[in-house]
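Use the sequences and the hints to build the structure in full.
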Amino acid sequence: MRNIYLKSGLGDETYGPPFIFEEDKMPTLNSANQEAQEGIFSSIDDLLAKTLIDPQSIDIVIVTCGSFSPSPSLSSLILNHYKLRSDVKTYNLSGMGCSSGVISIDFAARVLRGGQKVQNALVVITESITLNWYNGDNRSMLVTNCIFRVGCAAAIISNNPNLFQHAKMELVHSLRTHHGADDSAYKAAFQEEDDKVSGIRICAPICPGLVAP
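The sequence shown begins at 1 in the UniProt record's numbering and counts up by one.
In short, the hints are calculated from the structure, not lab data. The beta carbon of each residue, even a glycine, is placed where N, CA and C say it ideally should be. Where hints are given, some of them may not hold.
To be verified - Listed next, the in silico DSS-like pairs over lysine-lysine satisfying Cα-Cα at most 30 Å (straight line):
#, residue 1, residue 2
1, 168, 117
2, 168, 25
3, 89, 50
4, 89, 25
Said to hold, decoys possible - Simulated DEER-style distance windows between Cβ atoms:
#, residue 1, residue 2, range
5, 87, 138, 42 to 48 Å
6, 203, 110, 29 to 35 Å
7, 81, 22, 21 to 27 Å
8, 147, 46, 21 to 27 Å
In structure tokens form, the structure reads like this:
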């Protein structure tokens with residue numbers, strides 16, 4: 001583990017899940033929820049403060065988290081925390097790996113192109129690595145302990161013409177391909193168990209399986 005970490009290129013200012021700093025270092029559902037909530041709420045709070053978007057004007061919530069899918073869902077967590085409208089459409093995407101961010105933005109854009117009845121989509125892209133922290137000896141599964149860290153990003157995707165001058169970017173065109181039929185792509189990042197614990201195995205080549213939407 002130490003050798004892999006030293007070769008990973010990570011510095012001393014990366015963020016890890018809270019449980020790894022505790023004495024027993026045992027991942028729990030509570031610590032996984034804590035990791036997810038801290039990232040999600042801080043990202044959305046910063047986004048709403050910068051954009052001055054009223055939470056009540058949000059029509060769609062799309063949340064993606066590759067390896068953590070609690071019940072209630074993370075999208076329901078957001079709806080409850082920010083007391084969004086009862087007619088908000090929520091979508092919770094999981095198990096899509098590193099391409100999930102691109103997929104969620106494309107998904108929001110396709111829904112918004114359908115008309116003016118919905119105008120503002122909140123897209124939240126996060127990961128919770130707590131329950132997939134690997135303590136075994138398989139090198140291909142130890143890699144995820146080094147390359148994945150705590151983090152979250154949030155964005156407002158809108159078709160409201162009144163917000164055009166405030167937009168940072170305009171999504172003009174998107175093209176998605178799916179390599180799931182290719183066995184090497186399908187197993188590029190594979191959650192499984194070894195003789196001791198479960199984890200996510202990373203297989204080479206990483207591309208296109210991990211990054212192709």
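- Hint check, failures only: Numbers 2, 4 - these are the hints that the structure violates, sorted from lowest upward.
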